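Trainee: Here is what each chain is made of, one letter per residue.
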Amino acid sequence: MNDIIKGKWIGKPLDRVDGPLKVSGAATYAAEHDIDAAIGFIVEATIAKGTIASIETANAEAAKGVIAVLTYENAPKMAPWGDGADDRFEQSHGVLVDGTIRHYGQPVALVIAETLEQARHAASLVAVTYDEQAPALGVDRADSELAEGLDGGFEPTNRRGDFDRAWAESDLTVDLNYTTPHMIPAAMEPHSAIAEWDGERLTVRNSLQVIASGVACLANTFGIDEENIRVLSPYIGGGFGSKLGQHYDTILAAAGAKKLNRPVKVVQTRRNLFHAGPHRARIEQRIRLGATRDGTLKAVNFETWSTQAIGYFYTEGPMASAASAYRCDALHWTGKTRQANETLNDSMRAPGEALGGVTFEAAIDELAEKVGMDPLEFRLKNEPTEDPASGKPFATRDLVECMKRGADEFGWADRPKEPRSRREGRKLIGYGMASAIRGNMMQEGSCRIDLSAGGHLTVKMDMTDIGTGTYTILTQIAAEALGLHPDDITVDLADSDNPATAGSGGSFGAGTSGSALWNACIALREKLARAGGFNIDPDEIDFDEGTMQAGDRAVALADVLKDSDGFSAEGSIKPGEEHEDYVQNSYGAHFCEVAVDMDSCEIEVRRFVSVFSAGRILNRKTAHSQCLGGLVWGIGGAIREELWMDERTGGYVNRDLAEYHVAVNRDVPKCDIIFLENPDPKSNPIGTKGIGELALCGAGGAVVNAIYNATGKRVYDLPVTLDKLL
Amino acid sequence: MKPIEYIRPDSADAALDAIRAENAKFIGGGTNLLDLMKLEVETPDALVDVHRLDMGGFSDTDGNGLRIGAEVTNTTLANNSRVRKDYRVLSEALLSGATVQLRNRATTGGNFLQRTRCYYFMDTTRPCNKREPGSGCAALNGPSRIHAILGTSAHCIATHPSDMAVAMAALDAKIHTRKADGASRTVAATELHRLPGDTPQIDTVLEDGELIEAVTLPAPLGGTHLYRKVRDRSSYAFALVSAAIVLRIADGKIETTRLALGGVAHKPWRAEKAEARLAGQAPTEENFQAAAEAELADARAEGSHAFKIELAKRTIVAALREAADRENAA
Amino acid sequence: MTSLTINGKAVELEVDPRTTLLDALREHLKLTGSKKGCDHGQCGACTVLLDGERVNSCLVLFAGCDGQDVTTIEGLKDGDELGAMQRAFVSHDAFQCGYCTPGQICSAVATLKEVERGDASAVTADDGDIHLTRLEVQERMSGNICRCGAYNNIVDAVMETGGAALQTEAAE
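Chains as they are written, first to last, in my numbering: chain A, 48 to 773; chain B, 950 to 1279; chain C, 240 to 411.
It should be emphasised that the hints constitute simulated quantities derived from the structure, not laboratory data. Computed from a predicted model, the values in this text were never measured in an experiment. Every residue, glycine too, gets a C-beta built ideally from N, C-alpha and C. Among these hints, one or two may not hold up.
Straight line, CA to CA, 25 Å or less: simulated SDA-like cross-link-like pairs of lysine to any residue [stated by the list, open to error]: (1) 951(B) - 145(A); (2) 1034(B) - 365(C); (3) 474(A) - 951(B); (4) 269(C) - 717(A); (5) 111(A) - 994(B); (6) 668(A) - 403(C); (7) 59(A) - 326(C); (8) 951(B) - 162(A); (9) 717(A) - 368(C); (10) 111(A) - 988(B); (11) 269(C) - 612(A); (12) 771(A) - 1234(B); (13) 1034(B) - 405(C); (14) 717(A) - 365(C); (15) 352(C) - 1234(B); (16) 111(A) - 256(C); (17) 316(C) - 110(A); (18) 951(B) - 256(C); (19) 668(A) - 326(C); (20) 717(A) - 1011(B); (21) 269(C) - 68(A); (22) 760(A) - 1006(B); (23) 352(C) - 1263(B); (24) 55(A) - 252(C); (25) 771(A) - 1094(B); (26) 1034(B) - 316(C); (27) 474(A) - 1007(B); (28) 316(C) - 81(A); (29) 474(A) - 1263(B); (30) 306(A) - 474(A); (31) 771(A) - 1034(B); (32) 760(A) - 1090(B); (33) 951(B) - 110(A).
Chain A stretches covered by chain C per the calculated footprint, using a threshold of three residues with CB under 8 Å from any CB of chain C [said to hold, decoys possible]: (34) 71–80; (35) 151–158; (36) 320–334; (37) 509–520; (38) 675–684; (39) 757–770.
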């Protein structure tokens, strides 16, 4: 266990260090850099599959203010989509390469003009005809194949135990088919980029979660060296998976800037993003569960069918929620998919568990009812001692603590167990619970720190802050390790010239970048200790308030620094063997109350109590916000969000924020969030675990289980909108 | 958005003069028109801005009614003390719609003239008889959650999205206009919007360049006012179904029912059949149910909006029940 | 030429008549604090105060603002210091990515004024008794979408800035 962390700064609910900039409008997001750029506007394909037969740009080119119209006929050379790397974020994202259309809304032209008003109108003057082919759209179980792999590092199949036997030995079973809908991350900041070329050197300012793979993507797309590319994303208006990789905004801005030899800005419109930004795929799920009469879970079988975008290998695996959840004799899963002419199906916050946390947790609820057990009791009874999917030991396990604490805080024992048994006027009141489990991942990352002669520390890495609070928690980590005040620390992120990290995604950002920084600080402590004349293990030295102290010897950092050129150190991290040998998860439990109108069937979520265990908490304020956000997503995902595909075209009809319903303020009750702070030394040197996605996992499950308790109706086709309860 | 000429006249007379420009349109708050112009669903060559014209604001009419200038914003209208007291259903309808930001901008005249939210109308790449007559109706066989169940045609199943106009229809409001040639006329709120028939491109009976100057509400009806809006999220969403009700009960019998429905048709739907069924009847669950059945007897929906038929019935019954409970308690 | 006041300063600017107030602020006046989230009045990120009342600046033509007074997030500072609502947003962590935040804060400032003035909302039952309850704040702030989901903290920030005078004992 890490003994250096005393909690002077780590854990404290420090206000966000970038807060004053953000609340005064002074944080500079991608489209806001003061660069004199021409404006690009995207023309979208209106078919899902086929080729361009003709593209007429003369009217657009003649329109006032138009500088150029890029099409596949005249665009700078880009490598075809998918070339150059197997990794979907590093592969070429070439667009306007040829006349082939893979999905509805794919850019077929970029109109570049002096102003937005000019470019937007001229885009409507581009006339395109197509040789259309019948697109592959939607799930087709018969036409599906085993996925290459499932997100989160899961194999596409799991065959632990003898399912047929366990199923046969079950007294009570459920065999349920769920569907979860197409969804969209809809970060508030649309995908935006300003690109400029200086000879062979490309600089892009955009909104990107992972800088290093974004550089590789640009290198692969434009056939240039990574050394000639600089990407900067200092402030990012939300990501949620949609900005893990480079998208059309960036590729087209870079192409346009190259063509014009002038900076070009492309901001994808909200409606365009509904077609040409990443989505969550619609997934069909079959869940079979069996138990004996005493409530022992015997058999789990989780099958999914989804779709992939053409040339974009990504499959979400809702079965992730079953992998580490409950003891059973047999746990099987199969994830199948097929390539379809759909817009990019990609990661969306808590891929896998965001969905399985609804469907699997609802199925468990249904089985518990069949067995005649309280759903909490059923879960407690089937607590595993080893990982059900792999048989490996758990690094840590405190799901039971989370459930018990949450049940107490919520008053779960007092709930009416019988569905549809509590009424307040014309409202049916119901209560539901679910487990939260999210895989805890670590990635590779590195960091450089420079302590100036004046005592100011600069932290450099290409890590991003997508609202997660990275600037703040890295400040706290450095302050804790080096005994500096946060005001004496500058964190410089999201610049590809800085040391590389895995960026923000999969809840690994804080653990990975924080550990790289921690290791850099440890190296710096050693240098400072030596310079200060200490000859003992630097870990024995207390760094606090600018002083190094061990026993009765104290040396002021200022004295060590004043005649120096400053001190620098580097640190890095990669996942250790403990990530191979142990199964690593964050845990939690949700309890919720809903009210369902007896007439209209409108659903109101009235109360949420959630308990989370995510290792050491770096900042209790920003961690609380992360979890709050997860609950909001859980509520929205369970009862609000659904994109409707028009299968005649492959486009989505409700392609705006008026008809794609993300939760609004009034949809969200006051939520009680409780942390069990159990640092996990097997996870990383600072003992943290992933937190950004945890709260979303299972939150929707608690909501749909509460809806069942209120109404006596189970809905298998998510989200649970009012029409399904009429 | 096409290049436009922007004109801001300083009087209604000047506005009527300016609107004669080629392919010109009035713009009020612009909350719907600019939205649609960005999508090139609306493509005027000139905008005549009437947003800040003084068209008289509020005044009491001779018959103890209320006159409302067309320029009055939705916020101001919803908070007017007479509206809150005497025409509460109108205030509730307005406050259930959109957001404060949009209501601060949207005007009384403009609210009537907002256009459908039909997905296909708003997407210029899809067929739509309303946007491009003769091109077909993509909603008929496509996803259609927000579409109409009453008064539809084979050419269009779009709904009118306003909440305000539904309350206005229930209150028998009158709309006062001036045509481009200066002639004045008065149109009942229930007659302003049309059913789509085979000309869905025509939303209302107003002529090109006709300016809404004011709305008048008749003398207060008394009774219980209530606006029940059912939607897909708790705020900031258009109605799936809504019901505007004024109910007065005397001696255990229904003396007055005014009922209009939103979200169900190409126009605010005055529920005359339900009103007739309830006249003089006891305010019972059975009668409410029968009124709802009568009103929805001709409802048709083939697509994913079919649930709205049942939802409309339930909404009517629930709204009547609540209004009757309040009326009886008063 | 359009003449108006922005954050207390006189501004004169001639733009394409199609230019919205939001695009004029962001693209011509370098006031990028007001955000574009949807450009169609469906998210609230562009909220500014126009003659003191909150509006979606993406749905207002700049040319139509002649003679009017605009306040953006940049104008809500108290001299060089953050304004009270801005400070409350920081201390309550009422944002994460920060992109919707300027619009939220403009809306929040307007909310307090509207409640003080006695404007009703969809959840106001009794006109004589409009107070700053959590539900009132939630309804009045529902025109500003926060995809990070900071709604609870936004309500806390608005309640605190509104202060006891605008709240009741009944405030949850």
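Trainee: Counting residues of the stretch 151–158 of chain A whose CB is closer than 8 Å to a CB in chain C, do you get three or more?
Mentor: violated (count 0)
Trainee: Has the given pair, residue 316(C) with residue 110(A), been kept, meaning a C-alpha gap of at most 25 Å?
Mentor: It is violated: about 42 Å lies between the C-alpha atoms, which goes past 25 Å.
Trainee: Using a Cβ cutoff of 8 Å, are there at least 3 residues of the stretch 71–80 of chain A near chain C, or does the coverage claim fail?
Mentor: Result for this restraint: holds, n = 8.
Trainee: Does the structure keep residue 352(C) and residue 1234(B) at a Cα separation of 25 Å or less?
Mentor: Judged against 25 Å, a Cα distance of about 43 Å means the pair is violated.
Trainee: With the threshold set at 25 Å, check whether the alpha-carbon distance from residue 771(A) to residue 1094(B) stays at or below it.
Mentor: Distance of about 12 Å is within 25 Å: holds.
Trainee: Would the hint linking residue 668(A) and residue 326(C) be met if the CA-CA limit is 25 Å?
Mentor: 15 Å, holds
Trainee: Are there three or more residues in the stretch 675–684 of chain A whose C-beta lies within less than 8 Å of some C-beta in chain C?
Mentor: Result for this restraint: holds, n = 6.
Trainee: Checking one constraint from the list: CA of residue 352(C) to CA of residue 1263(B), max 25 Å. Satisfied?
Mentor: 38 Å, violated
Trainee: Keeping to a limit of 25 Å between CA atoms, is the pair of residue 474(A) and residue 1263(B) held or broken?
Mentor: 14 Å, holds
Trainee: Checking one constraint from the list: CA of residue 951(B) to CA of residue 145(A), max 25 Å. Satisfied?
Mentor: 30 Å, violated
Trainee: For the stretch 320–334 of chain A, do at least 3 residues have a Cβ located nearer than 8 Å to some Cβ of chain C?
Mentor: That given contact is violated, which follows from only 0 residues of the stretch 320–334 of chain A lying within Cβ reach (below 8 Å) of chain C.
Trainee: Is residue 771(A) within 25 Å of residue 1234(B), Cα to Cα?
Mentor: 24 Å, holds
Violated hints for the displayed structure, listed by number in ascending order: 1, 3, 4, 11, 15, 17, 20, 22, 23, 24, 26, 27, 30, 31, 32, 35, 36 and 39.
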